[in-house]
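Using the sequences plus the hints, can you model the full thing?
Residue numbers (our numbering), protein chains in the order written: chain A, 1 to 314; chain B, 1 to 173.
In case anyone wonders, no lab produced these hints; they're calculated from the structure. Please note that a few of the clues may not be correct.
[What the hints assert, rightly or not] With beta-carbon atoms standing in for the labels, derived distance ranges:
1. A:T254 / B:G77: 39 to 49 Å
2. A:D86 / B:Q140: 19 to 29 Å
3. B:T150 / A:P220: 38 to 48 Å
4. B:N27 / A:N158: 49 to 59 Å
5. A:G103 / B:G138: 16 to 26 Å
6. B:C78 / A:D225: 21 to 31 Å
[Said to hold, decoys possible] Per the computed footprint, the stretches of chain A lying under chain B, defined by three or more beta-carbons under 8 Å from a beta-carbon of chain B, are:
7. 48-57
8. 70-78
9. 190-199
10. 207-217
Heads up, the beta-carbon is just placed ideally off N, CA and C, and yes, glycines get one too.
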Amino acid sequence: MSGITRRRFLCATVIGGAITTLGSMCGKGGKAWASGSFEGYPEGMGVLVDLTRCIGCRTCEAACNKEQNLAPPDRSFTDQSVFDTDRRTDEDHYTVVNRYATGEGPVYRKIQCNHCNEPACLTSCFVNAYTKTKEGAVVYNDKVCVGCRTCMVACPFNIPAYSYSSATNPLIKKCIFCHETRLKNGRPPACVEACPQEVLTFGHRKDLIKLGHERIRNSPGKYIDQIYGEKEVGGTGWMYLSAVPFDQVGFDTTLGNEPIISNVKDFLSTVPMVLAIWPALFSGFHLLATKGKDHGGEGDDEGHKRSEKEEPRP
Amino acid sequence: MYTITITLCGLLLTIMAGTTPRAWGENLPDRISIETLQNLYSPVPFEHARHIERERDCAVCHHHTNGAPAANERCLGCHRGGHEVKTMSCTGCHEKAPFSAGVVNQKFKNSRQFHQDKPGLMASYHLGCIGCHKKKGGPQSCTGCHGLTTHGEAFYRTGQHAPASGTAAKRGH
Ligand code: SF4
Ligand code: SF4
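So this is what it looks like as structure tokens:
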């Protein structure tokens with residue numbers, strides 16, 4: 001934790017101050033990452049999702065809705081017609097279950113934040129809104145978020161969603177592994193606890209990898225010989241077992257095993273110019289934003305944090 | 001082989017009981033109300049005797065606990081049969097809270113212990129029941145076995161808690 005926080009702190013500080021030194025500092029941090037010195041949280045928690053067990057009952061969705069106090073759904077959680085469309089997570093649904101037609105019959109897949117070991121959202125966020133907790137959750141601070149949506153673009157799984165509906169809501173919205181209400185207090189996530197089929201096995205990530213491989217070995221021919229998320233993008237906290245090839249059930253199998261930050265970092269070290277441009281760009285955003293505020297919030301746009309919280313509009 | 005042993009066990013029990021109760025031995029319940037986890041759903045009226053009649057082999061559900069060799073080949077290394085365990089009910093081995101910090105940390109500390117991948121109580125029922133019902137045509141929908149309670153209706157937003165039709169879009173956009 002300290003490694004990533006320190007480097008990101010340095011980068012952020014430098015953005016605010018001396019732009020000229022930025023390139024070298026970030027470049028240095030990037031090299032350290034590339035050498036693999038940051039190994040995530042070996043004692044962190046995770047969830048092993050066994051797709052062969054899921055029956056599409058959507059109990060996990062209902063449990064998440066209740067636990068996270070999300071808006072009431074348009075359709076009841078017993079309504080199976082939702083499977084007719086491919087859904088993604090949004091501000092009112094931190095987790096959704098999708099159905100895929102495969103040669104083995106319908107396969108259901110629950111999606112939510114995968115709580116990466118080296119989260120692209122975290123490393124891409126220039127105001128340090130994200131934290132990877134020691135328990136393994138990727139959480140965010142909505143008071144810090146400025147709504148630039150960089151994390152949304154950076155996430156390889158398309159998870160962070162934005163809330164535009166209410167001025168009092170935070171800007172980022174995503175699964176937080178039930179960190180606040182459960183994980184940090186030693187309780188399993190709500191969806192895990194509610195799933196009748198134990199599709200979701202909660203445990204230490206290390207244990208889950210072992211357990212996943214045992215499950216594959218103990219039922220020859222049942223599973224694809226891979227735990228999706230064991231290595232992908234540097235490893236994720238939530239990992240998957242499947243009986244059908246992962247790309248047939250909506251997984252991106254082209255992501256590779258390097259954390260997304262490595263790509264960003266390579267790009268940044270080859271084109272240090274960008275580093276000089278970015279802060280200017282964001283300062284520009286900020287100026288625009290402040291200007292908007294001065295004129296009674298008229299210039300409010302998606303590019304900055306809304307001000308209604310402090311000055312409610314009629 | 002184990003089927004024969006079980007059948008023999010069954011016969012023995014019947015003889016010992018002196019009568020021919022539906023469920024092979026008078027100490028085997030004909031009907032069980034599964035209600036230990038009752039919350040969102042009402043208790044399951046489980047027809048034990050009917051399941052015995054259809055399945056015959058106790059080990060399919062009870063594994064090795066009645067003293068018969070385990071049905072799963074992988075378990076035979078240890079559970080070749082011969083000794084009964086204290087309790088044959090599911091609750092005897094399967095945890096009601098399989099992911100409590102205690103259970104999870106115990107596994108982490110003692111990673112070589114057996115039965116690491118033992119499902120919790122709720123999953124044992126569902127994996128076992130639905131798995132078999134799929135093969136043999138038993139009920140597979142949630143309410144096929146247990147009805148929703150009012151608490152359950154509120155949780156799933158259904159029944160009297162269903163979203164009013166037409167007012168589905170609760171947001172302005
Ligand atoms: S871990 Fe919590 S926030 Fe994340 S999907 Fe499950 S219930 Fe929702
Ligand atoms: S609660 Fe479990 S079985 Fe039901 S849809 Fe969610 S993951 Fe699948």
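Violated constraints from the hint list, given by number and in increasing order: none
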